[in-house]
Amino acid sequence: MGTVTRDVVLEALKKVQDPELHRDIVSLGMVKNLEVTGGKVAFTVELTTPACPLRERIQEDCQKALVGLNGVTDLQISFGAQVRGSKTGAGQTDLLPSVKNVILVAAGKGGVGKSTVAANLAVALKMHGAATGLLDADIYGPSIPIIMGVKGEPKKIEVNGEFKLEPPTAHNLPVMSIGFFLEPDQAVIWRGPMLGKALHQLMADVHWGDLDYLVVDMPPGTGDVQITFSQQLKVSGALLVATPQDVALADVVRAKSMFDKVMIPIVGIVENMSYFICDGCGKKHEIFSRGGAERAAKRFKIPFLGEIPITSSIREWGDKGVPILVREPQSEISRTFLEIASRLAGQLSVVSEIARRAQSLKIISS
Amino acid sequence: MIMASPIPVEINHRKEKGVVRVTWEDGHVGEYGCEYLRGYCPCALCQGHGAKIKFVEVPDAKLAEISAVGNYAIQFTWQDGHNTGIYTFDYLKSLCPCPECNRSKDR
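For the protein sequence lines, the chains are A and B, in the order given. Each residue of the first sequence is one higher than the one before, starting from 1 at the first, in the working numbering. Each residue of the second sequence is one higher than the one before, starting from 1 at the first, in the working numbering.
Hints in this document: simulated from the structure, not taken from any laboratory. Nothing here was measured: the structure is a model prediction, and the numbers come from that model. Where is the CB? At the ideal position from N, CA and C, for every residue including glycine. Keep in mind that the hints are not guaranteed to be accurate.
[Stated by the list, open to error] In the BS3-like style, the derived pairs of lysine-lysine whose C-alpha atoms are separated by at most 30 Å in a straight line are: (1) A:K234 / B:K15; (2) B:K93 / A:K362; (3) A:K64 / A:K14; (4) B:K54 / A:K301; (5) A:K14 / B:K52; (6) A:K109 / A:K283; (7) B:K52 / A:K109; (8) A:K32 / A:K14; (9) A:K301 / A:K261; (10) B:K54 / A:K261; (11) A:K234 / A:K109; (12) A:K40 / A:K15; (13) B:K54 / B:K93; (14) B:K52 / A:K301; (15) A:K164 / A:K151; (16) A:K234 / A:K261; (17) A:K298 / B:K62; (18) A:K301 / B:K93; (19) A:K284 / A:K301; (20) B:K54 / A:K362; (21) B:K62 / A:K362; (22) A:K298 / B:K52; (23) A:K301 / B:K62; (24) A:K32 / A:K64; (25) B:K17 / A:K362; (26) A:K156 / A:K197; (27) A:K261 / B:K15; (28) B:K62 / A:K261; (29) A:K40 / A:K14; (30) A:K14 / A:K362; (31) B:K54 / B:K15; (32) A:K298 / B:K54; (33) A:K261 / B:K52; (34) A:K301 / B:K15; (35) A:K362 / A:K109.
[To be verified] Anything over 12 Å on all C-beta distances counts as not near chain B; from chain A, calculated: (36) T5; (37) G141; (38) E162; (39) D224; (40) F259.
From just these sequences and the hints, can you work out the full model?
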């Protein structure tokens with residue numbers, strides 16, 4: 001009767017790969033709190049995100065690797081998460097040092113539903129158990145406070161001898177918006193330096209606390225405003241929101257060109273308003289020609305994270321300040337958001353891992 | 001949807017041969033001719049808004065400099081000044097011209 005030891009268990013676990021990071025979980029440092037007492041084996045798998053889309057697969061692989069081992073009588077696998085982040089970009093200093101992952105939600109043009117997508121993805125990440133915040137930098141139409149039903153205003157608080165703004169919370173997320181600095185119905189004409197200062201304040205002067213993810217709703221479009229904004233930040237990556245029409249390709253090309261210029265990776269594309277779910281018969285209707293955003297993703301080798309349907313309820317509850325995920329968590333659209341958030345979190349883990357490993361890249365000439 | 005995440009460990013501009021040799025983390029090595037690399041520049045100026053990436057011939061393209069972009073891509077600067085192509089690691093790997101990579105190609 002063989003005895004099982006820590007080393008034997010670790011050797012066996014080296015056969016378990018993280019399916020996205022393509023390395024075994026032991027060398028990734030994901031196996032924690034390993035205890036072997038007699039034949040009882042217990043450990044925690046520390047995932048790179050609580051929204052990990054492959055938790056079940058990893059669990060199965062761990063079980064397969066250990067259940068057959070000589071001497072193992074009992075197996076307890078628990079899961080935790082330690083989000084890893086990486087940031088890149090032209091920003092001189094990191095204006096958001098307490099935030100592990102900063103995601104810019106962008107669109108090549110307005111009207112694609114970017115703000116609704118940003119808000120619901122933030123709520124979805126939170127529902128997966130990640131510490132998440134939402135930043136509305138859409139100076140042309142700061143709608144996040146409405147979509148999230150934010151009541152209350154930022155409060156001045158003192159942090160380490162400095163005055164910062166504490167964001168109000170809505171549905172358990174801290175939400176900050178450029179809209180808080182505007183009078184209602186104020187027509188704002190943004191000029192370069194004033195805009196830059198406002199956006200800088202929106203980030204540097206806000207006390208976010210420790211966050212795994214900060215979802216940033218960017219102004220739609222790809223002009224100077226968006227470029228200036230992007231250049232100030234260190235971000236983890238951009239998420240593009242596009243619609244299904246073939247012309248989406250042109251929007252994606254524009255957005256990609258902009259992010260190339262500011263050297264920010266695009267971590268994914270989502271297609272919004274892919275199809276309409278009729279609230280009468282529940283059938284799916286394709287109103288627009290389907291698949292434009294997915295084709296664009298393929299062409300650029302950008303991960304396609306999913307399709308989001310239109311339903312009448314998403315807008316209705318958006319106007320009432322209740323994200324659809326909160327209102328109807330079991331609905332098809334809510335489950336879609338949760339899946340897409342999972343894939344987004346997975347991609348950010350991959351980006352983080354690649355960034356780490358690519359640090360030793362040598363460029364030479366001979 | 002799960003990407004293979006190829007990561008280069010060395011990029012060597014072999015000037016006399018006019019090729020760029022890329023060594024990947026898994027040991028794979030690919031040699032890209034400069035004209036070939038330039039022809040597949042992914043930037044919007046070269047590719048336009050077309051649905052597929054196409055080869056845009058620039059005869060006698062000469063490479064001036066190679067630099068890393070963040071930790072996710074490579075920028076090639078050409079002697080004619082062209083430098084807007086940002087080649088992500090995935091994209092660069094997908095261009096690998098070696099016979100092994102070309103067996104199942106879908107570009």
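Contradicted hints - numbers only: 1, 5, 35 and 40
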